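Number of protein chains: 2
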Amino acid sequence: MELLKRRIINDGTEIGTEIVKVDSFLNHQLDIGLFMALGKEIYRRFGNMGINKILTIEASGIGIAAIAAIYFDLVPVVFAKKAQPSTMNEDFYGAPVKSFTKGTVSIAKVSKQYLSKDDKVLIIDDFLAHGEAAAGLANLVEQAGGTVCGIAAIVEKEFQGGSKKLRDLGYYVDSLAVITNIEDGKIYFKD
Amino acid sequence: MELLKRRIINDGTEIGTEIVKVDSFLNHQLDIGLFMALGKEIYRRFGNMGINKILTIEASGIGIAAIAAIYFDLVPVVFAKKAQPSTMNEDFYGAPVKSFTKGTVSIAKVSKQYLSKDDKVLIIDDFLAHGEAAAGLANLVEQAGGTVCGIAAIVEKEFQGGSKKLRDLGYYVDSLAVITNIEDGKIYFKD
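As you go down the protein sequences, you meet chains S and U in turn.
Start counting the first sequence at 10; every next residue gets the next number (our numbering).
Start counting the second sequence at 10; every next residue gets the next number (our numbering).
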């Protein structure tokens, strides 16, 4: 998506070999006009799959998931909470999610009331790096007996292997901007 | 707002003397059609104040803030992160936020890049109870030299004193549904 690539180039900061921060429009301050364009594009790519629920994980996935749902005929959005293993009980589905940056493991959890076998789910995540969060969310859907129709990421860092891992697990993945590598402060995109 | 009151009565759960959970449409699963009605109503109440930024706090305020921004001519949304005091540095504004339910204190923090003296800010919070989160957010705006135009809460539990506290501090507060008390499993609203 050209609009998004240009925005990442223009407003991405702290660009290292593996890092680009997009706090000014995606992760801390949210550009809602851009979010509407992203939501529309996600619908263009995933709109014919009979999706009836959008699943994301707190915190920064929530805004884009909420706006995208407008284009998906107002399907409900569920966000998984990041919790300590100690807070799990039988009312929740839970899946471990490793954070490579922090070196920690948390549990993505969703109340059993809000995922079911009838759900045809689109997973939306703002950043796809190692694919840990998306794999955890897919795991939750499957525990409920539902269907993962696809995984939409806004920004993918392809060189960290997340999309390959998710595709190897059998999931359909499509990212709006795919970064192939970052070198000498310059960001390279697929296509 | 009658639509919201009816929804709280119909779908609120775990109703105790101080508690009502609205996880099925506001805090965990998000009813985006309802969010659009809430966003429109917030605009009706706060739309003439020259607001140029919406501020909320992670996680469950983000969805409603993002949708509300559509009605406010796509003003940017900033969400404060809940952090440990140890993660603060000079790049952030920080304000302590006490959680009465958890008995803990965290820090609401916003990067100094995303709040400034030119900001005319609407604070949106999903739940207004003791008013700690909203007071912390207002504190952040003032540290930046900006103006708090108003505080919009979706569900207010008036009997916990948050709105009175915020008004005593000089802030304009308007909540879409005001619960005056909860007794014998029944919820009473203002008006």
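None of these hints come from the bench; they were simulated from the model.
These numbers were taken from a predicted model, which means no experiment stands behind them.
By construction, the Cβ of each residue, glycine as well, lies at the ideal position given by its N, Cα and C atoms.
Any given hint might turn out to be false.
[Claimed, not checked] Quick list of simulated restraints, FRET-style, between CB atoms:
1. ASN190/U <-> ASN190/S: 53 to 61 Å
2. GLU27/S <-> GLU192/U: 38 to 46 Å
3. ARG15/U <-> ARG54/S: 30 to 38 Å
4. ASP82/S <-> ARG15/U: 17 to 25 Å
5. ILE28/U <-> ALA46/S: 38 to 46 Å
[What the hints assert, rightly or not] According to the in silico footprint, chain U covers these stretches of chain S (three or more CB under 8 Å from chain U):
6. 40-47
7. 80-89
8. 116-126
Going down the list of hints, with the structure as the test:
1. ASN190/U <-> ASN190/S: 53 to 61 Å: Cβ of ASN190/U to Cβ of ASN190/S: about 60 Å, so the range 53 to 61 Å holds.
2. GLU27/S <-> GLU192/U: 38 to 46 Å: 56 Å, violated
3. ARG15/U <-> ARG54/S: 30 to 38 Å: This hint holds: roughly 36 Å between Cβ atoms.
4. ASP82/S <-> ARG15/U: 17 to 25 Å: 23 Å, holds
5. ILE28/U <-> ALA46/S: 38 to 46 Å: 40 Å, holds
6. 40-47: Coverage by chain U holds for the segment 40-47 of chain S (5 residues, Cβ < 8 Å).
7. 80-89: holds (count 6)
8. 116-126: Answer holds; 4 residues pass the 8 Å Cβ test.
Taken one by one, the earlier hints fail for this structure only at number 2.
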